[in-house]
Amino acid sequence: INYGSVLFVAGIMGLGTIVNQSGLGARLAGAILSVVPLAPDQPVTNFAGLTAVSTLLGLITTLPGVPAVLTPLAGQMASASGLPLETVLHAQVLGFSTPILPYESAPLVVAVGLGGERSGPLVKLCLLLALLTVLLLLPLDFLWWRLLGRI
10 INYGSVLFVA GIMGLGTIVN QSGLGARLAG AILSVVPLAP DQPVTNFAGL TAVSTLLGLI
70 TTLPGVPAVL TPLAGQMASA SGLPLETVLH AQVLGFSTPI LPYESAPLVV AVGLGGERSG
130 PLVKLCLLLA LLTVLLLLPL DFLWWRLLGR I
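All residue numbers for the sequence shown refer to the numbering used here, where the first residue is 10 and numbers rise by one.
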């Protein structure tokens, strides 16, 4: 058993709970709402802001921590943006499904550890996939959500 990987997974699973229970999540909400320009009738800005928040938060909390931190704040974000609550929650998925660096995702860390591989190639792959997501997938998601009437 690779105890380093087990401890890492246990740590990141508990991080979101700690952030939420300690009150840091509420402070984070205030900070996010003061920095991210959420406003009704600004669909592109709202989509970009919500997606950026969930993506960048993954760098701090790791991916399992993103929904643990942002879900309790979704109502405030929906009110500020004028978007339906469901759309705000869906925007989280776009962020936490896109690891920018491998350490954000426990399965990637475990795979590298168990496989005895170097992390350099995985870092390059994560960065490339994140870039492709921003350039191709997010604009397509926005257009799809527009077509469905979610935005």
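Hints may contain errors.
Here are the simulated distance ranges between beta carbons [said to hold, decoys possible]: (1) Q30 <-> L141: 43 to 49 Å; (2) L146 <-> T80: 21 to 27 Å; (3) L149 <-> P116: 23 to 29 Å; (4) G84 <-> S128: 35 to 41 Å; (5) P49 <-> L136: 31 to 37 Å; (6) D50 <-> G125: 22 to 28 Å; (7) G124 <-> A48: 26 to 32 Å; (8) W153 <-> G20: 42 to 48 Å; (9) L145 <-> S88: 41 to 47 Å; (10) L136 <-> L16: 32 to 38 Å.
For the record, the hints were derived by calculation from the structure and aren't laboratory data.
Here a beta-carbon is modelled for each residue, glycine too, at the ideal position from N, C-alpha and C.
Going down the list of hints, with the structure as the test:
1. Q30 <-> L141: 43 to 49 Å: 36 Å, violated
2. L146 <-> T80: 21 to 27 Å: 22 Å, holds
3. L149 <-> P116: 23 to 29 Å: Roughly 25 Å apart at Cβ, these two residues keep to the hinted range, so it holds.
4. G84 <-> S128: 35 to 41 Å: 38 Å, holds
5. P49 <-> L136: 31 to 37 Å: 34 Å, holds
6. D50 <-> G125: 22 to 28 Å: Given a distance of about 53 Å, which is not inside 22 to 28 Å, the answer is violated.
7. G124 <-> A48: 26 to 32 Å: 46 Å, violated
8. W153 <-> G20: 42 to 48 Å: 36 Å, violated
9. L145 <-> S88: 41 to 47 Å: 31 Å, violated
10. L136 <-> L16: 32 to 38 Å: Distance hint for L136, L16 is violated at roughly 26 Å.
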